[in-house]
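Chemist: Sequence:
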Amino acid sequence: MDRYEPQTIETKWQRVWEENRVFEVPNPDPGAHRNERKNYVLEMLPYPSGSLHIGHVLVYTLGDVLARFYRRTGSEVLRPMGYDSFGLPAENAALKEGEHPRKIVERNIESIRRTMKRLGWAIDWSRELSTHEPEYYRWNQWLFLKFFEHGHAYRKAAVVNWCPNDQTVLANEQVKDGRCERCGAEVEARKLEQWFFRITAYADALLDEMKELEWPERVLAMQRNWIGRSEGAEILFRVQELDIDIPVFTTRPDTLFGATFFILAPEHPLVDRLAEQSPNGDELREYVRTAAARPAEERAAGTEKTGVFTGFFATNPVNDARIPIWVADYVLMDYGTGAIMAVPAHDERDREFAERFDLPIKTVIDEEGKLVDSAQFSGLPHEQAAKAIVEWLGTNGRGRPAVSYRLRDWGWSRQRYWGCPIPVVYCDECGIVPVPEEDLPVLLPEVEDYKPKGIPPLAQAEEWVRVPCPRCGKEGRREVETMDTFVDSSWYFLRYCDPHNDQAPYDREIADYWMPVDHYTGGIDHSTVHLIYARYFTKVLNELGLLGHREPFKRFFGNGFVTQGGKKISKRVGGAATPDEMVESYGADATRLSILFIGPADQDMEWTPSIVEGMQRFVRRLWRIVNEVAESAPAGETGEGPLVRKVHQTIARVTDDLGRRHQFNTPVSAVMELVNELVKTPTDPAARFAAETSVSLIQPYAPHLAEELWERLGYGRLWEAPWPQADPDLLEEDTFELVVQVNGKVRDRLRVPADLPEEELVARAKDSPKVQAQLNGAEIRQTIVVPRKLVNLVVR
RNA sequence: GCCGAAGUGGCGGAAUUGGCAGACGCGCCGGACUCAAAAUCCGGUGAGGGAAACCUCGUGUGGGUUCGAGUCCCACCUUCGGCACCA
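Per my numbering, the first sequence starts with residue 115, numbered consecutively.
Hints listed in this document are in silico derivations from the structure and should not be mistaken for laboratory results. Please read these numbers as outputs of a predicted model, since none were measured by experiment. A few of these clues could be false.
[To be verified] In silico DSBU-like pairs for lysine-lysine, Cα to Cα no more than 35 Å straight-line:
| hint | residue 1 | residue 2 |
| --- | --- | --- |
| 1 | K126 | K260 |
| 2 | K419 | K305 |
| 3 | K290 | K260 |
| 4 | K270 | K260 |
| 5 | K565 | K217 |
| 6 | K231 | K270 |
| 7 | K484 | K567 |
| 8 | K260 | K305 |
| 9 | K152 | K668 |
| 10 | K152 | K126 |
| 11 | K290 | K588 |
| 12 | K260 | K567 |
| 13 | K305 | K588 |
| 14 | K484 | K501 |
| 15 | K484 | K565 |
| 16 | K270 | K152 |
| 17 | K884 | K290 |
| 18 | K565 | K290 |
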């Protein structure tokens, strides 16, 4: 027998797959009916700002195991790949290396593709795409025009998150703990004109339609938190002196009688007017200035409450109490209405403020949760009172039920170079004018110096910027900002369906055939970013009549992080073994098996070399025993011995783990057990059957080794061979080990025939000497029999 | 504070519907082969007691339900993740 040389057999089979275009799947013919057996398996596409790391090996191997498994269980599997090649990571890498981003990403893509092929991932390479190519971003622009035309995209001045280091605006989703998610710099607040998508209009749809998703609860919970829906009421407070009403939002209308003061956010539009007429207007204006200058981070820390009295009073609509109006920066302009009624007795922050400024505190809910001191509502349980009070306010036109969200509209324009140009022209006469469809793509111009300086680098491309207005023909200027890459990744899964279409982003019929993605895999760090944006895009496309679905990813599997030496592995951490090195030292198959065997793939895991060493032992063991069996054991009757049963049990376990439970570590254990049995009984009549089945079942994990051994067993094209089927008759043995308990404690184990009647099981249990010793003549009060499992004798 | 996930040997973990806790692997111990080592193979490996057969204890803590609980219920502790002056 020759030695196991992974590198030799791996390159051999990779060539066979490539030459035979094994993993390419054609699109349906026009008018084809929906195929119930279609299966769209997808993992999040990589950023080509560096090379792959062990984390990628986990995600794509996981997807690969599923794709290969589904393929052999009769599914028509679509499993494409691409690169998220626009954006900050690539541009920053380019700045560091002093080369053009296009050069960097194209070089990285080439190396990533080579690594992917070396790992043997079953990908339909005919559908490969990169988001920085005009063939792709042209349709980004096209989709933007549709969104713009229908009011889903708009431009407004807003206070935005500004990263002083990357010199660009960030979406809320890209700010973590007040810092830029990418570079870690402290984020500043700036007021700028920006492009937005009206994602807040879909807050309820994003929440409601979650029920169709087979997603991990933790991811859904994160999205719910992020959207932050709160139900409450909007209530009008009157300012007599100015003859105006100020609305407040509250989730606790039941505490309305306890409102003892009123607060406006410093940014509230009324503050200016109040300052003009207030005796302490100067102090007010000074306070607003300092509050605005205070970094958002510090303001959110809430160390000590600050505020200024305006000299005005608001009237509480339930009891006509006149309460003082203050301005304080613990009230935020961008949540609710930017004004609150303060109830210090029942809100911690209001209480802090009241204590600091010596304002009255009035209790209106007692320990039992009933209202007190609240006129006709006194005595009501507070939940009930909340409804009654809002209803009562409604009849007077002073209040109504209202809902508030934490979610903000998605700001997606970036003051950077390496992104998709936004196809609009600014015209002094016509305003914002969309570039006509037939003029797409608006190509990203070449720019000498694209270093971020606060003004968008595209502004330097003077000739490109100056363009006649598409509407009136007078001179206009192109938009010089670019799109956030999350726009690119919000619909890439649709482009994969029809990647070479040059008439449309995709053919709706084809997209409807493949969509939704049946099994999506990626890091949960995208829970409140990409996964929300893609859901939003899908809903808009559906309403624009461009897609038949409203949810992009039916099932989502959030893989854990891989750590090495306790540190999360990413491009930023040096010293970690690279996938290429792992393939060189251990082979792709042992690497693939290892990364999934470590532990449950949805939990974080620590990569240790000892794992691969153990896996190498298994792989060699399998190689040796299967080669032996192929040479010596004849095909033929398998008998009905324990090995045959073990084979069928293993088939059942692996099939259930992959197909139903989506558990990726235990199938490897199951096959190991079978191989251990086979090694112990190589002359069993079922040895050949056991060897063949082991090879067949391990194929999704170790496809090269499996293919090679399959060939040596005398067959071909394991990737097309049907998945083994467990024979239910052979799953159950004709004897079983009866567990005998006394008072619930195991006292004996007896091998008995499977068809023994219950009375006989009990009789045998009682006969056991070990049981006799325990019973010690005591009376049996109860007998529990679990068929094919156990007998429990209850005494005393 | 609110929301979510998780606590099992020396380690990673398994136990699918309430029915043998610790599968599988790592590590460690002993043995075979070898001049020796590596590789490979065989055996052992939760804790305590016992010469042994065996016995007792044991899945974060405390209670409960049940013939029987890692699994279900109640209360709590710890760790990790998300949200957070969000009214």
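Chemist: Mind listing which of the numbered hints don't hold for this structure, in increasing order?
Modeler: Hints 1, 6, 7, 11, 15, 16 and 17 contradicted; others consistent.
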